[in-house]
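**Student:** What follows is the residue order along each chain.
Number of protein chains: 2
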Amino acid sequence: MEDKLRQGFLYDFYGELLNEHQRNIYESYIIEDLSLSEIADEQGISRQGVHDLIKRCNKMLEGYEDKLHLVDKFMHIREDVKAINDLAKEATEDNLAKICSISNDILEEL
Amino acid sequence: MEDKLRQGFLYDFYGELLNEHQRNIYESYIIEDLSLSEIADEQGISRQGVHDLIKRCNKMLEGYEDKLHLVDKFMHIREDVKAINDLAKEATEDNLAKICSISNDILEEL
Chain A
220 MEDKLRQGFL YDFYGELLNE HQRNIYESYI IEDLSLSEIA DEQGISRQGV HDLIKRCNKM
280 LEGYEDKLHL VDKFMHIRED VKAINDLAKE ATEDNLAKIC SISNDILEEL
Chain B
220 MEDKLRQGFL YDFYGELLNE HQRNIYESYI IEDLSLSEIA DEQGISRQGV HDLIKRCNKM
280 LEGYEDKLHL VDKFMHIRED VKAINDLAKE ATEDNLAKIC SISNDILEEL
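Sequences listed follow chains A and B, in order. According to my numbering, the first sequence is numbered sequentially starting from 220. According to my numbering, the second sequence is numbered sequentially starting from 220.
The hints are simulated quantities; they were obtained by calculation from the structure and are not laboratory data. These numbers come from a predicted model, not from an experiment. Please note that a few of the clues may not be correct.
Chain copies aren't distinguished; within one or between two, either way the pair holds.
In silico DSSO-like cross-links for lysine-lysine, where the CA-CA straight-line distance does not exceed 30 Å [unchecked claim]: (1) K278 / K223; (2) K301 / K317; (3) K223 / K274; (4) K223 / K301; (5) K278 / K308; (6) K292 / K274; (7) K308 / K223; (8) K274 / K286; (9) K274 / K308.
Full structure from sequences and hints, please.
**Tutor:** Written out as structure tokens, the structure is:
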């Protein structure tokens with residue numbers, strides 16, 4: 220997964236575990252897509268300070284994912300549900316059997 | 220949801236964020252279903268100590284869920300996938316349309 224996209228997913232899942240100051244700066248970078256210099260100006264801190272904070276946030280978010288694996292789990296379910304969705308558009312008996320099988324797999328995983 | 224069942228779900232999701240000592244005692248209580256006194260004997264600490272530790276763990280796990288809502292999200296998906304599974308067993312056109320609709324809802328949520 221591309222770096223900033225992955226960071227966005229991690230933030231979606233675990234962002235609430237950062238403090239408000241960290242969230243503000245991280246959102247400017249990941250969601251609003253501002254540059255480090257723009258964020259530094261906005262927050263009245265150095266560019267290096269912004270860089271370090273974002274690096275620390277990345278490390279914290281990756282740390283949560285290393286322990287909990289919930290982004291991976293959700294991505295996996297997402298792919299399975301996409302497959303179900305595609306199969307349901309073609310109404311054959313074979314596809315219905317596959318829908319049963321995939322949905323059973325998801326239920327076992329949850 | 221019944222208390223101990225809910226605690227088990229919370230532990231499944233966020234247990235890795237507790238330390239090893241906390242996990243050992245919490246697992247004895249939630250998964251092995253030992254009594255507070257049995258755990259106290261096993262660990263060589265007081266019954267009150269076990270009680271306090273479990274209460275603190277519950278609070279930590281609930282704190283994570285209050286911030287992240289991932290157990291709720293998974294439970295919701297689980298119900299939807301169960302509905303898909305039931306519908307796929309009865310192969311009508313109407314049911315396939317419902318499968319499409321529910322799976323779309325899940326994808327929007329993920």
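**Student:** Hint numbers the structure violates, sorted upward?
**Tutor:** Checked against the structure, the hints that fail are numbers 5, 7, 9, while the rest are satisfied.
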